[in-house]
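S.K.: Sequence:
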Amino acid sequence: MKLLISRLLPDAVMDKARAEFDVTLRETSDPMTEAEVTEALETYDLILPTLGDQFTASAISAATPRTKLLANFGVGFNHIDVDAAKAQGIEVTNTPGAVTDATADIAMTLMLMTARRAGEGERMVRSGKWTGWQPTQMLGLHLTGKTVGIIGMGRIGQAIASRCRNGFGCKIVYANRSRKDVDGAEQLDSMEAVAQVADVVVAATPGGPATRHLIGKSVFEAMQPHAIFVNISRGDVVDEAALITALQSGALGGAGLDVYENEPIVPDELLAMENVVLLPHLGTNTLEVRTGMGMMALDNLLAFAAGKDLPNPV
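According to numbering that gives the first Met the number 0, the stretch in the sequence shown is residues 0 to 313, in order.
Possibly wrong hints are sitting among the right ones.
To be verified - Below 30 Å or equal to it, Euclidean Cα-Cα: the simulated BS3-like pairs (lysine-lysine) are:
1) Lys307 to Lys15
2) Lys67 to Lys307
3) Lys179 to Lys216
4) Lys85 to Lys67
5) Lys67 to Lys1
6) Lys145 to Lys170
7) Lys145 to Lys216
8) Lys15 to Lys85
9) Lys85 to Lys1
10) Lys1 to Lys216
11) Lys170 to Lys216
12) Lys15 to Lys67
13) Lys15 to Lys1
The hints are simulated quantities; they were obtained by calculation from the structure and are not laboratory data.
Hey, can you work out the whole structure from these sequences and the hints?
M.R.: What follows is the structure in structure tokens.
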């Protein structure tokens, strides 16, 4: 079966893919355009897409597809219009589980970096402006024992809660669209209720049309002035303009971001703020995790090719 892999994956994944399928690898690291998507759907039996590939409703509906499966590389699939794909008889899978721990680790990285002003401090040292230790220099927020609010208590949210509770003795509160029982954590009635009591608010929800701008003005206005906001979900989950306004007005103390509403564009206002930590979507960036994600995507492709049930259908 002819398989298109949209961008280069770790060697072990590419080797296994080539052993099992007739593989074409795109020669660019840029995301697929809508025109490429339409052409690919008419050319390949299977496609392994990656973040940013433009599998929009218009691109999918414009095709007379040969493709029967999009085995997405990643747990998030907001770059794929799943309804449009299924309307064309195309199945979609993702890679849940493989990304959980690495993404939770990045959440902790952002929490600590923002709370302890690590980015600001490193810039001071690198610029040669550090004059030595001082008793009141760059005083930050002590994370141990604080209240952490998590918006979205799925696998990643629970992994973040465990790290905060067990590693830092934090109290955990959370908002989730359905009722959920999580040991050692208290579910509150709304995101705003979480924001009101939390010292750190972490967005850990799935992306997609249903959660676009889920977190915006009402959440930021409810946050305490010293509190920090962290996003490791998807950029469009957050109303970025509302976040910028809240930071500029002092409604919250800082932010740690790994994802952005219009990646890879980062607004100048965020770039200019010392109390904001900005990472280049590092959530799953380890060799072990990216290899695991690729192998999980291949498991879905191999199951489809063998006529078996898909392990991870969306």
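S.K.: Check each numbered hint against the structure and report the violated ones by number, ascending.
M.R.: As far as the earlier hints go, only 10 is violated by this structure.
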